[in-house]
Amino acid sequence: SAVISQKPSRDICQRGTSLTIQCQVDSQVTMMFWYRQQPGQSLTLIATANQGSEATYESGFVIDKFPISRPNLTFSTLTVSNMSPEDSSIYLCSVEGDGVTYEQYFGPGTRLTVT
Amino acid sequence: GQNIDQPTEMTATEGAIVQINCTYQTSGFNGLFWYQQHAGEAPTFLSYNVLDGLEEKGRFSSFLSRSKGYSYLLLKELQMKDSASYLCAVQTRMDSSYKLIFGSGTRLLVRP
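If you're matching them up, the sequences are chains X and V in order. Here the first sequence is numbered in this note's numbering, starting from 1 and rising by one per residue. Here the second sequence is numbered in this note's numbering, starting from 1001 and rising by one per residue.
Isolated chain X, as found in the complex:
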C-alpha cells in the first residue's frame, strides 16, 4: 500500500481566507481523490484528480471553491477558498492501490477549523 502524507495536519483559519492542503504519495499513482469528512459524518468525495487533466468534481462542489492541482504523479493540492465556518471539516486525500480491487488508501487528513 502507498504511504500518504498531508500538510498541514491541522489549521485554524479566519473566515474569508483560503488554505491550500498538500498531499504527497511515496509512489506514482494515476488517480488521486479528495474527500471531506464533516464532524460526526462519513466521507464525501469532493473531486477526482488525474495528472495532466482537469479535476472532476462531484455534485455540490465547484472548482472556484475547491481548486485542485495535480502537477505530477505523486503530488496534489486542494485549496479551500473564501472559507466560512461551514468549511470546518477534515479533508483527506486518497489514492488507489495497484491491486485488482482498486481499494483506496487514505492520508492522515487535515483538520480545518474556520472561525
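Don't read these hints as lab results, they were simulated from the structure. Among these hints, one or two may not hold up.
Stretches of chain X that chain V covers, calculated by requiring three or more beta carbons in the stretch to come under 8 Å of a beta carbon on chain V [claimed, not checked]:
no., stretch
1, 35 to 43
2, 106 to 115
Rough simulated footprint, nothing fancy, chain X against chain V, three-plus residues with beta-carbon under 8 Å [claimed, not checked]:
no., stretch
3, 1039 to 1045
4, 1097 to 1105
Here a beta-carbon is modelled for each residue, glycine too, at the ideal position from N, C-alpha and C.
Add chain V to chain X, keeping to what the hints say.
Positioned in the frame of chain X, the structure of chain V alone reads:
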C-alpha cells in the same frame, strides 16, 4: 440515485460476535468495501467483495449479495480495540473511472 444505509450505532461485549449490515442502491456497481476508522484517524481498508459470498480474513469476514443489494461485516472475538466506526463503501464505475461512495458509518462500542 445512490443510497447506502447502515445502522448508526451498535454496542457489543468483548469476546462476542457482532454483525454490521449495509444495504445499498447504486448504479455502476463494481464492488463493496469495508473500512475501519478510529476516532481522529484516517480510514483503513478492511475487506473487499465483488462476487456474492463470504470473504474471511482473520477475525473479520464480509458477505455480499448483489441481487439483494446487501452486505455485512462480521467481527468475531471482539476486542476493546475494535471500538471504531465501520464504513461501508460501494465502488462505482462510470466509463473508465472508479469512485467510492460511503455510507454514513456505524459506530461500534465494545464493552468489557
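Structure-based check of all given hints:
Restraint check on the stretch 35 to 43 of chain X versus chain V: 3 residues with Cβ-Cβ distances below 8 Å, three needed, restraint holds. Under the rule that three or more residues need a Cβ within less than 8 Å of chain V, the assignment of the stretch 106 to 115 of chain X holds, with 4 such residues. Counting residues of the stretch 1039 to 1045 of chain V whose beta carbon lies closer than 8 Å to any beta carbon of chain X gives 5, which meets the minimum of three for the stated coverage. Note: the stretch 1097 to 1105 of chain V has 9 residues with beta-carbon separation from chain X under 8 Å; the three-residue rule is met and the coverage holds.
Checked against the numbered hints listed earlier, the structure breaks none of them; every hint is satisfied.
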